[in-house]
Amino acid sequence: MNKPLNSTLAAAALVAMQILLFNNLQLRGVLDSFVAPSIYILYLIMLPVNASRVSLLAASFLLGLTVDLFSGHLGVHTAACVLAGFVRPSVTTLLISHEESNKNVRISIYSLGLFYFFLYAFTIALIFHLTLFFLEAFSFYELHITLLRTLLSSIAAVVIMILIEVFFERKK
Amino acid sequence: MGNLLRFILRFRGFILFLVLEGVALAMLLQNADYQRTQVFSALQAVQSYCYSMGSDVSGYFSLRKDNEGLLRENAKLRNALDHYQNQRTATDIQTEQLNGKLFTFLPAKVVNNTTNKQHNLLMLNVGEEQGITSEMGVIADNGVVGIVINTSEHYAIVMSLLNRDFRISARLKRSGHLGTLMWDGLNYQEAILSEVPQHVPVMVGDTVETSGHSAMFPEGITVGTVIYYKTKKGNFHEIRLKLNGDFKKLRFVNVVKSIHYDEQKNLEKQTITPTQ
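Sequences listed follow chains Z and F, in order. Every number in the numbering used here is 689 more than the matching position in the first sequence, counting from 1. Every number in the numbering used here is 86 more than the matching position in the second sequence, counting from 1.
Because the hints were derived from the structure by calculation, they are not lab data. The C-beta atom is built at its ideal place from N, Cα and C for all residues, glycine as well. Please note: incorrect hints may appear among the correct ones.
To give an idea of the interface, some chain F residues facing chain Z are shown, with a C-beta separation under 10 Å as derived from the structure [claimed, not checked]: (1) Phe100; (2) Phe103; (3) Val105; (4) Ala110; (5) Thr200; (6) His205; (7) Tyr274; (8) Val290; (9) Thr293.
Assemble the whole structure, with the sequences as input and the hints as a guide.
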């Protein structure tokens, strides 16, 4: 299969998974309002190391907009995604060595190793969820609750992303 | 000019970021609160169709439970009816005639429902065609559900009790003292009754019910029971209650149509405006 088609399919599958499964996650009691992982940003995380900032921004805008359209609160996911897409190059330069960063390979646990992938994905997830929950709550009142939601959701999201990677990514 | 172009090229990533983020925030602010439900009506129609298909399927899995719930409610209503038929006195009949019928109830099915956001909404399978308009109350057999905030021809959007913007008047059943019922966004099984004066005796286990001061809801609908209370900043209790109903299992609800709602609101408006 050719690359762009493959990539679009991956995005569609992740967004579908988010809307149909993870947006309807049913947890017990207090956990329910604290764990709301957005796993579809895995697409943004996986894009090749040398992807330009402009293409990252375009991809994240479309991605966020699609999820927004299905969750009835326009703009929240878009804004969080665009910010995550914007900071991604800075995070990759921090964590990925210079010779690696020129390659046109997708970022995965296999190309980075589990530890660095976790670190990288967790940073992006943290930035994303922080923006998302602050925009959703739209106030700095009860700051600790928003921060706790961010932390728990980010951890849940990264764990799920690693599981998805392990299940669907074939070792090259 | 050349310099400007070079500047734009050099910072094109950042400029694009600002533009896209601006668009996203503009969308966010434009659709804040209730209006957010009004955009993309075409998409909403598709979405509601998908949701009602989904809830048709998932409905089969809970048929047994739903039936039990409906049976229980039937029995309760029949008992209540019996009770009232036997107990009606001359004065009761008189007040009934005086008040007229105040509320009518319209059954509806929940086609979409969220509980894990800060501003949760529900979608019902009734709309303008069935006479639903904004600001009607929604109740289930075991408590208050929310308030209709937007309608289309066949569907209605309800602001759930589990919404940070939700506020109605409620009271402690035992003492009759009023407070404001709202949600603090923490737990879908718990709500807050605030602004109850400190001198009011509260006990864990007390029942909280609607007061009838919010014209959308009839008086005396049970909301939940007190599980915890504390005194907050001086003069008021903040009471935490466990909700009677489970919002995750919500499938059948009743939309409350208050017959004198418009009249009450108009009267309020006329009385307030001259003083301002």
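Problem set entry | Broken hints, by number | 8, 9
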